[in-house]
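A.B. asks: The lines below spell out each chain.
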Amino acid sequence: MPSKKDSENSIPFWHDPAKRAIVYQLATLAVVGLVGYYLFSNTMTNLQRQSIATGFHFLEKEASFEIGESLIPYSAANNYARALLVGILNTLKVSFVGIVLTILLGTFVGVARLSANWLVSRLAAVYIEVFQDIPILLQLIFWYAIFYDSLPAPRNAMEPLPGIFLCNRGLAFGIPESHPSYKYIAVAFLMGCICLFLLRKWARKRQDRTGLAFPVFSTGFAMIIGFPLIVWLVSGAPTAMNTPRLSGFNFTGGITVSPEFTALLLGLVLYTAAFVAEIVRSGIQAVSKGQTEAAMSLGLKPWQTLNLVILPQSLRIIVPPLTSQMLNLTKNSSLAVAIGFPDFVSVANTTINQTGQAIEGVAMIMVVYLFFSLVTSAFMNWYNKKIALIER
Amino acid sequence: MAHPDNFPETQTDGIKPPLTSVGVIGWVKSNLFNGIFNSVLTVLTLIFLGKILPPLFRWIFTNSLWTSTAAECRSVSGACWSIISANYRFILFGFFPYELQWRPLLAMILLISLLLISRNRKFWKRPLFYAWIFGLLFMGVLMKGGILGLAPVDSTQWGGLPLTFLLAVFGLAAAYPLGVLLALGRRSKMPAIRTLSIIYIEMIRGVPLISLLFMSAVIFPLFLPEGITINKILRAQVAIIMFTAAYIAEVVRGGLQGIAKGQYEAAESLGLNYVQTMRLIILPQALKIVIPPSVSILISAFKDTSLVVIIGLYDILKTTQTVLANPNWMGFSSEAFFFLACIYFICCYTMSNYSRKLEKELGTSL
Numbered sequence: 105m106p107s108k109k110d111s112e113n114s115i116p117f118w119h120d121p122a123k124r125a126i127v128y129q130l131a132t133l134a135v136v137g138l139v140g141y142y143l144f145s146n147t148m149t150n151l152q153r154q155s156i157a158t159g160f161h162f163l164e165k166e167a168s169f170e171i172g173e174s175l176i177p178y179s180a181a182n183n184y185a186r187a188l189l190v191g192i193l194n195t196l197k198v199s200f201v202g203i204v205l206t207i208l209l210g211t212f213v214g215v216a217r218l219s220a221n222w223l224v225s226r227l228a229a230v231y232i233e234v235f236q237d238i239p240i241l242l243q244l245i246f247w248y249a250i251f252y253d254s255l256p257a258p259r260n261a262m263e264p265l266p267g268i269f270l271c272n273r274g275l276a277f278g279i280p281e282s283h284p285s286y287k288y289i290a291v292a293f294l295m296g297c298i299c300l301f302l303l304r305k306w307a308r309k310r311q312d313r314t315g316l317a318f319p320v321f322s323t324g325f326a327m328i329i330g331f332p333l334i335v336w337l338v339s340g341a342p343t344a345m346n347t348p349r350l351s352g353f354n355f356t357g358g359i360t361v362s363p364e365f366t367a368l369l370l371g372l373v374l375y376t377a378a379f380v381a382e383i384v385r386s387g388i389q390a391v392s393k394g395q396t397e398a399a400m401s402l403g404l405k406p407w408q409t410l411n412l413v414i415l416p417q418s419l420r421i422i423v424p425p426l427t428s429q430m431l432n433l434t435k436n437s438s439l440a441v442a443i444g445f446p447d448f449v450s451v452a453n454t455t456i457n458q459t460g461q462a463i464e465g466v467a468m469i470m471v472v473y474l475f476f477s478l479v480t481s482a483f484m485n486w487y488n489k490k491i492a493l494i495e496r
Numbered sequence: 201m202a203h204p205d206n207f208p209e210t211q212t213d214g215i216k217p218p219l220t221s222v223g224v225i226g227w228v229k230s231n232l233f234n235g236i237f238n239s240v241l242t243v244l245t246l247i248f249l250g251k252i253l254p255p256l257f258r259w260i261f262t263n264s265l266w267t268s269t270a271a272e273c274r275s276v277s278g279a280c281w282s283i284i285s286a287n288y289r290f291i292l293f294g295f296f297p298y299e300l301q302w303r304p305l306l307a308m309i310l311l312i313s314l315l316l317i318s319r320n321r322k323f324w325k326r327p328l329f330y331a332w333i334f335g336l337l338f339m340g341v342l343m344k345g346g347i348l349g350l351a352p353v354d355s356t357q358w359g360g361l362p363l364t365f366l367l368a369v370f371g372l373a374a375a376y377p378l379g380v381l382l383a384l385g386r387r388s389k390m391p392a393i394r395t396l397s398i399i400y401i402e403m404i405r406g407v408p409l410i411s412l413l414f415m416s417a418v419i420f421p422l423f424l425p426e427g428i429t430i431n432k433i434l435r436a437q438v439a440i441i442m443f444t445a446a447y448i449a450e451v452v453r454g455g456l457q458g459i460a461k462g463q464y465e466a467a468e469s470l471g472l473n474y475v476q477t478m479r480l481i482i483l484p485q486a487l488k489i490v491i492p493p494s495v496s497i498l499i500s501a502f503k504d505t506s507l508v509v510i511i512g513l514y515d516i517l518k519t520t521q522t523v524l525a526n527p528n529w530m531g532f533s534s535e536a537f538f539f540l541a542c543i544y545f546i547c548c549y550t551m552s553n554y555s556r557k558l559e560k561e562l563g564t565s566l
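Protein chains in written order, with the numbering used here: chain A, 105 to 496; chain B, 201 to 566.
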């Protein structure tokens, strides 16, 4: 009986790691599946008991709530889907503006932290420490409270800079009066960017081939600024400004940014910039001093040293954590719900309260933010691949 | 310093560094006024500080009132700290019964002393671990009551700073084992377990905490069979644990990756099985590496607990807002939030300072 003998000699399955692994995995899947099924069946019973319909049909119903600010036309007569779209656009708006300002402020503070000037460096350190250690929600609520508690009514608006008014209705400032040429200026700017991109590509190739450097930076700068400038001059250099004026109880003209948006932006930027400053500082410090000295001794000019030696190395360290901070900023913008800015979470929350579609609402919030983070990590992977050190 | 007699004192002996390069003047010169750019920067910064600091000082100290009525406050230009001194019990303890507020206070003192004791690495031994378990249990008893002759206090009455500490510390304590399991799962060779861990970690890290808190507020009740309800605080606590665990998992994974392959091989060649390898060889080393980042997670968790305001729990931020909603104290939000910011700052700053110190110590001892 050879087969019996085989099975006697062979290892029992609980001593075979491969088979044991299968058992473990099946057991884990079974437990996860059972728990999932248990929660699912409970949920279904509960929903039936409370007679809540499942599914996304509610999206087509009339939203019947107003939204304070919106990038696209919206009224209470629109459906929930459009209200949620308004929310997503508001989230994107505050995140985009916030990210740009955060990178500027964070880089500035990070560089200030490394300054040889003791006072500046200390001040930057205090900023970083203080703003990192206070919860973002408290900061948001604090800035918002400043608007409605401490700032004067439009009649006595503060004017921190000429033409910029700060009052409890928000922040009002002038914008250029609309003029047909602005469209073309934007096109010219875009053209400048495309030209710079092509020029840079060509200059790289030429340098690889012949070793001749081309002043890409100055030429590109001239193009990006010059093209729109020419269009502006050709169209008669319009300078008319649409400035905010007090009429009645509020400002008209110019742009008024709501207190909610300003407070949210201020909170997000000040909080995240403290983290970005630390990232920038450690990124710059990580490039050893020898690199600068070596570049100098090769005869590179200071800006060449920065551009060709320091930045490529420190950006490799800075960009990954920077992206995750940008993602954090986007996620933290969901705290808008606490101060009443109609971002996506806030609109979704209103939708949940009105329709009772809690599961769908929370699922939508999660899916939207997961999408943001997937896009971010896709970018990260692309960037990491692009800048990865090519080693022997 | 005695000079040998046969060497005549030379002139160079007496020369000291110039006065401008030592002492206060030297320091100022080399740190504030080295070069034109830096000098301009220093002057500009000083002007800026000169504009900001004196009014702030006047607001905080000179023109402020510390113990007065709200009406008196409205007549002064400075800060009204009376809002704190008149309401501090409510801000700190929320709706906890007034005469029983020594219990959350004692719980907090216990927690803080445990944290302070844990700062010292000499005490990082088994007794400290038991002390923590016992301490956390005792804190729970103090808050909840019902045994040892303590009057029971319903958890809906918990609030203020103890709630903030509770959510953060219990959150981290419960999330840690889960996070370690997830990290091990993510490093596992079994595809099903690895995939499940990755999905969990990445999903949680991709969404804001507030969506999990919403989930705890509106969806968790649907998960449970009819007739069973869990209170709001516990549900929020579960959401915080789920959230923190994903971040801990990533930190621990970093620690696991830092362990040399030879350690695994050595453990295997000793005949240790997976559990023994992890428990005796890998985790003790990996967890030691990740102590400083874990403190950072505790700081984030501590700050993040303020989000429970949004689902209506009375943590310290909500109690402050409640005081501000009182018409009597309306309008003194800057003072109240300043006070809160100080509390949060002191706690977080202590922890982050400690984390940096630890990083340095552990870095050299590894």
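What the hints contain is simulated information worked out from the structure, not anything from laboratory work.
Just so we're clear, the structure is a prediction, and the values are computed from it rather than from any experiment.
Be careful, since some hints might not be right.
Straight line, CA to CA, 25 Å or less: simulated DSS-like cross-link-like pairs of lysine-lysine [stated by the list, open to error]:
(1) B:216 / B:344
(2) B:389 / B:488
(3) A:393 / B:560
(4) A:393 / B:229
(5) B:518 / B:432
(6) A:305 / A:393
(7) B:229 / A:123
(8) B:518 / B:322
(9) B:216 / B:229
Computed footprint of chain B on chain A; a stretch qualifies when at least three of its residues, placed anywhere within it, have a C-beta under 8 Å from a C-beta of chain B [to be verified]:
(10) 132-144
(11) 246-254
(12) 323-331
(13) 365-378
(14) 411-418
Cβ coordinates follow ideal geometry from the N, Cα and C atoms, glycine included.
A.B. asks: A separate judgement is required for each hint: does it hold in the structure or not?
C.D. replies: Checked hints:
1. B:216 / B:344: 70 Å, violated
2. B:389 / B:488: With Cα atoms ~24 Å apart, residue 389 of chain B and residue 488 of chain B stay inside 25 Å; holds.
3. A:393 / B:560: Answer holds: residue 393 of chain A to residue 560 of chain B is near 22 Å, not above 25 Å.
4. A:393 / B:229: 24 Å, holds
5. B:518 / B:432: Roughly 15 Å separates the two Cα atoms, so the pair holds.
6. A:305 / A:393: Not OK: residue 305 of chain A and residue 393 of chain A at ~30 Å, beyond 25 Å, violated.
7. B:229 / A:123: 73 Å, violated
8. B:518 / B:322: 39 Å, violated
9. B:216 / B:229: 18 Å, holds
10. 132-144: That given contact holds, which follows from 4 residues of the region 132-144 of chain A lying within Cβ reach (below 8 Å) of chain B.
11. 246-254: holds (count 5)
12. 323-331: violated (count 0)
13. 365-378: violated (count 0)
14. 411-418: That given contact is violated, which follows from only 0 residues of the region 411-418 of chain A lying within Cβ reach (below 8 Å) of chain B.
Figure legend: structure checked against the earlier numbered hints; hints not met, in rising order: 1, 6, 7, 8, 12, 13, 14.
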